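Enquirer: The primary structure of each chain is shown beneath.
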Amino acid sequence: MKMGQKQVALFILLILAAGIGLAKLTGYWVTESTKQPVAIKEGAFAGLPNPADIRGSYAFSDVGKAFDIPNDALLRAFGLEGKDPATTKLKELEDLYANSEAEIGRASVQYFVTLWSDIPSPNTGVYLPESAVAVLKEADKLSPEEEKGLESFVLKISPADGTAQGAADSTAVAGAMDGTAIVGAATAATGSGTSKNESPAAVSGKTTFQQLLDLGLSRETVEAIVGSLPDTLGMTVKDYAIAQGLDFSAIKAKLLEALPSP
Amino acid sequence: MKKKKFGLRLWMQIGFFVLIALIALNHTLGLPWLSGASLHAICPFGGVETAYSLLSTGLSIPKVHMASVALLPIVLLLSLIVGPVFCAWVCPLGSIQEWIGRLGRRLLGKRYNKLLPTRVEYYLGFLRYAVLGLVVYNTARSGALLFAEMDPYYALFQFWTGEVALTALLVLALTLVASLVIERPWCKFACPFGALLGLFNKIRLLPIRRNPKTCVACHLCSRDCPLNIDVEKQSVIRDNRCISCLECTSERSCPKAETVALSFRALTGGQDK
Chain A
1 MKMGQKQVAL
11 FILLILAAGI
21 GLAKLTGYWV
31 TESTKQPVAI
41 KEGAFAGLPN
51 PADIRGSYAF
61 SDVGKAFDIP
71 NDALLRAFGL
81 EGKDPATTKL
91 KELEDLYANS
101 EAEIGRASVQ
111 YFVTLWSDIP
121 SPNTGVYLPE
131 SAVAVLKEAD
141 KLSPEEEKGL
151 ESFVLKISPA
161 DGTAQGAADS
171 TAVAGAMDGT
181 AIVGAATAAT
191 GSGTSKNESP
201 AAVSGKTTFQ
211 QLLDLGLSRE
221 TVEAIVGSLP
231 DTLGMTVKDY
241 AIAQGLDFSA
251 IKAKLLEALP
261 SP
Chain B
1 MKKKKFGLRL
11 WMQIGFFVLI
21 ALIALNHTLG
31 LPWLSGASLH
41 AICPFGGVET
51 AYSLLSTGLS
61 IPKVHMASVA
71 LLPIVLLLSL
81 IVGPVFCAWV
91 CPLGSIQEWI
101 GRLGRRLLGK
111 RYNKLLPTRV
121 EYYLGFLRYA
131 VLGLVVYNTA
141 RSGALLFAEM
151 DPYYALFQFW
161 TGEVALTALL
171 VLALTLVASL
181 VIERPWCKFA
191 CPFGALLGLF
201 NKIRLLPIRR
211 NPKTCVACHL
221 CSRDCPLNID
231 VEKQSVIRDN
241 RCISCLECTS
251 ERSCPKAETV
261 ALSFRALTGG
271 QDK
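For the record, the sequence lines run as chains A and B.
Going by this note's numbering, the first residue of the first sequence is number 1, and it counts up by one from there.
Going by this note's numbering, the first residue of the second sequence is number 1, and it counts up by one from there.
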């Protein structure tokens with residue numbers, strides 16, 4: 001059997017059409033974000049939307065619709081009063097809070113949603129603006145334990161200047177975003193009352209490698225967590241992680257866990 | 001030497017290029033009768049990038065949609081049967097490199113695509129596998145679409161939006177400029193998806209075959225191969241660089257009928273075309 005140009009062209013088009021057709025029939029031909037997070041597959045919360053699947057391309061109204069949270073509450077939580085929830089996307093938060101010492105972005109919205117909805121998702125080491133905590137308290141969505149645990153992760157910040165006036169205690173808890181495990185939100189927020197909660201310093205987007213060493217971490221420990229060290233220790237960990245193609249959130253969580261207690 | 005005509009493959013390339021360009025533009029135009037698909041969704045390499053995340057967490061990595069996961073087995077099936085035809089017949093990035101290459105051929109004549117020694121080109125081609133490994137590993141590790149930072153395909157169709165990383169724009173610029181002197185430089189030296197599809201050349205059901213009995217050793221097939229594969233020296237092309245463009249089987253590149261062809265079995269016969 002031989003194939004010339006005509007047969008090859010026809011064959012390509014046929015296979016593509018058949019394959020895409022089959023994908024459409026089976027519901028796999030999704031080319032745009034459906035703005036609906038996938039459902040949690042197992043456990044007590046199976047069937048409910050998974051906050052870990054919230055995408056940066058979602059608008060605030062998409063999050064509100066998926067998790068039954070009033071748009072007004074979402075916008076106030078992130079200092080976006082007056083903005084259109086249908087057109088303001090989560091990925092804009094990173095630009096709005098670009099000068100923040102700690103990241104405020106999609107992960108912060110995911111964390112806010114887990115606290116509002118009581119759907120567990122491991123979300124430690126993520127910061128919220130003070131306005132978000134206020135909204136959660138106002139709506140009576142925080143237990144006393146969650147409220148106490150949140151004290152370490154609050155930034156007095158607004159998108160107007162994008163600068164934080166510092167977390168309440170600048171403490172941090174180890175952990176990283178992980179879409180698979182299910183951890184109780186209360187447990188995550190309280191950090192089990194371990195000494196990690198009393199660590200004196202936070203690792204943020206502006207923390208340099210030299211600052212990590214000054215905080216008591218050894219070069220070997222930092223190198224083991226990050227993978228390598230830059231030539232200049234004055235470089236921020238975040239910039240180095242981005243340059244190396246690494247997940248800064250995960251590295252930050254491990255560094256926080258490794259920080260010695262005072 | 002016969003002039004390269006407007007063949008069927010070129011029409012296919014133009015068709016897919018225009019389709020993807022329109023889809024990209026539609027993000028700005030907002031035409032209801034045209035797809036608003038994400039560019040990442042219609043690139044099958046997204047399926048490769050998200051495979052680990054999908055298998056381990058059930059979630060695709062951000063920006064990658066299920067359509068690219070659906071496209072991946074379709075393209076792999078094509079590669080298994082007729083080789084990496086996606087590269088030569090569909091991929092718009094490959095197409096634009098070829099079209100710029102036409103200009104390069106006019107400027108450089110016979111020297112076009114022959115500036116690098118064949119051996120050097122051959123070994124540099126293995127860089128693609130390094131890129132593939134690094135992309136897959138780092139994407140799995142970070143759970144993010146890191147390749148977008150250097151993806152010239154995305155840059156090509158989004159350069160006006162301000163959403164493209166500077167590194168991706170630089171890679172695109174370098175690719176397009178290099179296309180003036182080397183045919184398909186991205187495909188040859190850096191494309192991770194091409195690296196993967198190229199492996200299917202080893203097992204494809206319909207390889208390109210050459211009939212040594214009727215071959216007159218005119219060397220045209222080897223000369224015209226865009227990937228500089230020495231077709232004349234082989235009876236079955238299993239080279240991982242082959243993109244199934246079928247240039248070597250064309251009238252232009254082989255004066256003997258049924259001497260070089262895409263065939264399931266060994267060729268017999270062979271007359272003047």
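A couple of the hints might just be wrong.
In silico EDC-like pairs for lysine to aspartate or glutamate, Cα to Cα no more than 16 angstroms straight-line [claimed, not checked]: (1) K6(A) x E251(B); (2) K91(A) x E251(B); (3) K89(A) x E163(B); (4) K256(B) x E232(B).
Think of the hints as simulated: they come from the structure by calculation, not from any bench.
Source: prediction; values computed, not measured.
Enquirer: Hints first: check each against the structure and report whether it holds.
Expert: Cross-check of the supplied hints:
no.	hint	in the structure
1	K6(A) x E251(B)	holds, 14 angstroms
2	K91(A) x E251(B)	violated, 53 angstroms
3	K89(A) x E163(B)	holds, 14 angstroms
4	K256(B) x E232(B)	holds, 13 angstroms
When held up to the earlier numbered hints, the structure conflicts with hint 2 and nothing else.
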